[in-house]
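Colleague: Residue numbers (this note's numbering), protein chains in the order written: chain A, 5 to 590; chain B, 509 to 720.
Some clues are possibly wrong.
[What the hints assert, rightly or not] Derived list of chain B stretches under chain A, where covered just means 3 residues or more per stretch with a C-beta under 8 Å from a C-beta of chain A:
#1 562 to 575
#2 629 to 641
#3 660 to 668
#4 692 to 700
[Stated by the list, open to error] What follows is a set of in silico ranges between Cβ atoms, one per label pair, in the way DEER data are often shown:
#5 A:Leu314 with B:Arg606: 28 to 38 Å
#6 B:Gly676 with A:Leu575: 29 to 39 Å
#7 B:Gly651 with A:Tyr475: 41 to 51 Å
#8 A:Leu19 with B:Val662: 17 to 27 Å
#9 A:Pro535 with B:Ala607: 46 to 56 Å
Hints in this document: simulated from the structure, not taken from any laboratory. Glycine residues also receive a C-beta, built at the ideal position from the N, C-alpha and C atoms.
Each chain, letter by letter, is given below.
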Amino acid sequence: MYADLSPLHEPRSFLTKYVWSQDHKVIAIQYSLTAIAVGVVGLILSDLMRLQLGFPGRFAFIDANHYYQFVTMHGMIMVIYLLTALFLGGFGNYLIPLMVGARDMVFPYMNMLSYWVYQVAVWVLMASFFVPGGPTGAGWTLYPPQAILPGTPGTEWGIVLMLISLAIFIVATTMGGLNYVTTVLQARAEGMTLMRMPLTVWGIFVATILALLAFPALLVSAIMMLLDRLLHTSFFMPSVVSMGMQLKHNGGSPLLFQHLFWFFGHPEVYIVALPAFGIVSDLISVHARKSIFGYRNMVWAILAIGGLSLVVWAHHMFVSGMNPYFGFFFATTTLIIAVPTAIKVYNWMLTLWRGNIHLTVPMLFAVGFVSTFVIGGLTGLFLGNVSVDIPLSNTYFVVAHFHMVMGVSPILVVFGGLYHWYPKITGRMLNDGLGKFHFWVTFLGTYAIYFPMHYLGILGMPRRYYAYDNYQFIPGSAQTLNADITVIAFLVGLAQFVFLFNLAWSLFKGKPSGANPWRAASLEWQTPDTPPIHGNWGATLPVVHRWPYAYSVPGAAQDFIPQNAPADPALDDPGDLGQAVEGAKI
Amino acid sequence: MKAAASFQAGGANFEPSDGHNSTAERAAKTGLWILIGVLTVLFTLLLLAYVIRMSDGDWRPVTMPWQLWMNTGVLILGSIVLQHTATLLRRPRPSRLRASFLLSGACGLGFVAGQLWAWQRLIALNHPVAANPANSFFYLLTGLHGVHVIAGLVVLAWGTALAWRYPGTRRAQLYVSLCARYWHFVLAVWLVLFSAMLWITPEIARNLCGAS
């Protein structure tokens, strides 16, 4: 069909168009819908947990086993099957080819396979709810030996299905990841140099590299634990007397599992955070009508954070009894991450500074993210210090920290991104009023949920407990706070269904958006059709003449210049970014 | 099956139009390098786990079955023959192409069969997987490596079909040369794994890990 890329797997039937599609946009929507569906399960599980914590013993069906199963599945679903899949498989799939000016991913068939393998992983995970003994209740970190010892719920089937599902997920992510990285490296349009890519692409690109490097560690540990569980090997399992019986295991190292797990687990934080950083940068720039401040710094910060995230993993293990020198090293690398992260936060602030700020729904979510991320990041500085971490590690302070920094923050960006790109995906706007309602309930509500948890943590309320009533060292007032948190968690949970309703309703009744409702300069808004059709660009590929942040350029006819508008020596900076004078309005 | 899929290098145009490599060709090469990178991380982590676990004190080394030496030879031979096949394909009138493909495939299958034979031998000598961490790691390392050889064989079968169906095309040439590159990588991994299993002793492991 097109001379530059043929044949392009033109869909011929309903099945190849909507089900076995090799079109990155369809695959992105499939990924997103599956991730959102499984995310709803994770959301419901969290509310069930809160029921028990807020009103202990009032709901008879939540016994201790169920509670731990809810905790475990909630954590794993949210971190891996929702956020990772949504950012890389959803946003990555949709945006990378459109933003770099490609017709599709470079390996479309493998891309399709990636989604379907991901779906299999989700089914295997969901199946564990229906097997004898239920899903695993080992906590999302699945630490041995307790993860596979009798006494922990789901050691019969649940843990096996969890490990298998993770292995399948990793295969899917690897297939997707190969695609995203190769597409960025090899399929960019003419003129789209690396330093002209939107920060969204940079964030997803580096996050994907992290995923490719980190997920093998999880695969290795999953396989080894599976062997420990099924064939009674002793990779991780020490010799244990359990229920009065000497088990067959002998001499294994639970610490080895922790190292492998966190060698995956910490980069995982940034696999979720880096795409969020990128997307927020773009949202802030577009909706403040200003070029992003310090583009180069932003790129280098993403790369630095990505690199550092591979050498901080043991800060999750300060309480494992490690050598103090070891802890010192990991505390240092951890605190160093604050530097590139702070650069990013300053640059977001300076992009907003004297910008023409439009408080659209995507912008609200972006600014909300900066706020929650700063709060979550600052408590990270507390916990990065060994001496502060040790007393706080087993308390709700940690729960508050990681939910602010990698729960609330990325999910706010997911929402912001969906409100922002929904018009490109569907040709219609999401309802603004419902969107603002959704934002304010979610933003204020999550603060109301997690902010008090910092206090509860400092008060000494331990995490991982099933019930908090009748403990001498926890004052009764803490229980009142727990009840309040539960009520708010339910309200926030309900607000998410308003969002889902908005997604469905706007598909048919939303205001038609036109091709570029936000007047954005980056390439995905310049497609000849909205929504973009198969092949994205019509007869000829776009040619890129400048960076994606040419907003409010002095002397320009309108307040943005699309990346593919013809070069104009009067407006374009002769430098290699092809940008207008950076931050001209400051 | 990661390997199998990575070779599905798009439905894009493989025939270079202007003397330069097409996008699809560059993409396929880059994709394979990235896959090799990912697998390198995977096997490096396994080796690290191997050394760390070995330093723990309950390690009773396994005597390597003699079959492994033979299998190493077969894998090296397969690498050479497959490289030769890839070179043959670039010639205008390749001779003995069929024999080349068959021999490459046979080497791969022979390697897998030989590894299974070695497993059987160990089990017969009463070295089951759970008896000792050395045993567990032996089966784990050879097993995971074997899975990647099998994946390579599946891809090679596909490449053979491609070379027969579209003889002389750039696509078939590229496909088989990438198969050969993957094969060299799998060979390199095997050589590293085999050396580690032969020569890393618990003393070395304890020194590396700083354990007493």
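Colleague: Now look at each hint and say whether the structure bears it out.
Modeller: Results for each hint:
{"no.": "1", "hint": "562 to 575", "result": "holds (count 3)"}
{"no.": "2", "hint": "629 to 641", "result": "holds (count 3)"}
{"no.": "3", "hint": "660 to 668", "result": "violated (count 0)"}
{"no.": "4", "hint": "692 to 700", "result": "violated (count 0)"}
{"no.": "5", "hint": "A:Leu314 with B:Arg606: 28 to 38 Å", "result": "violated, 47 Å"}
{"no.": "6", "hint": "B:Gly676 with A:Leu575: 29 to 39 Å", "result": "violated, 51 Å"}
{"no.": "7", "hint": "B:Gly651 with A:Tyr475: 41 to 51 Å", "result": "holds, 48 Å"}
{"no.": "8", "hint": "A:Leu19 with B:Val662: 17 to 27 Å", "result": "holds, 25 Å"}
{"no.": "9", "hint": "A:Pro535 with B:Ala607: 46 to 56 Å", "result": "holds, 52 Å"}
Checked against the numbered hints given earlier, this structure breaks hints 3, 4, 5 and 6; the rest are met.
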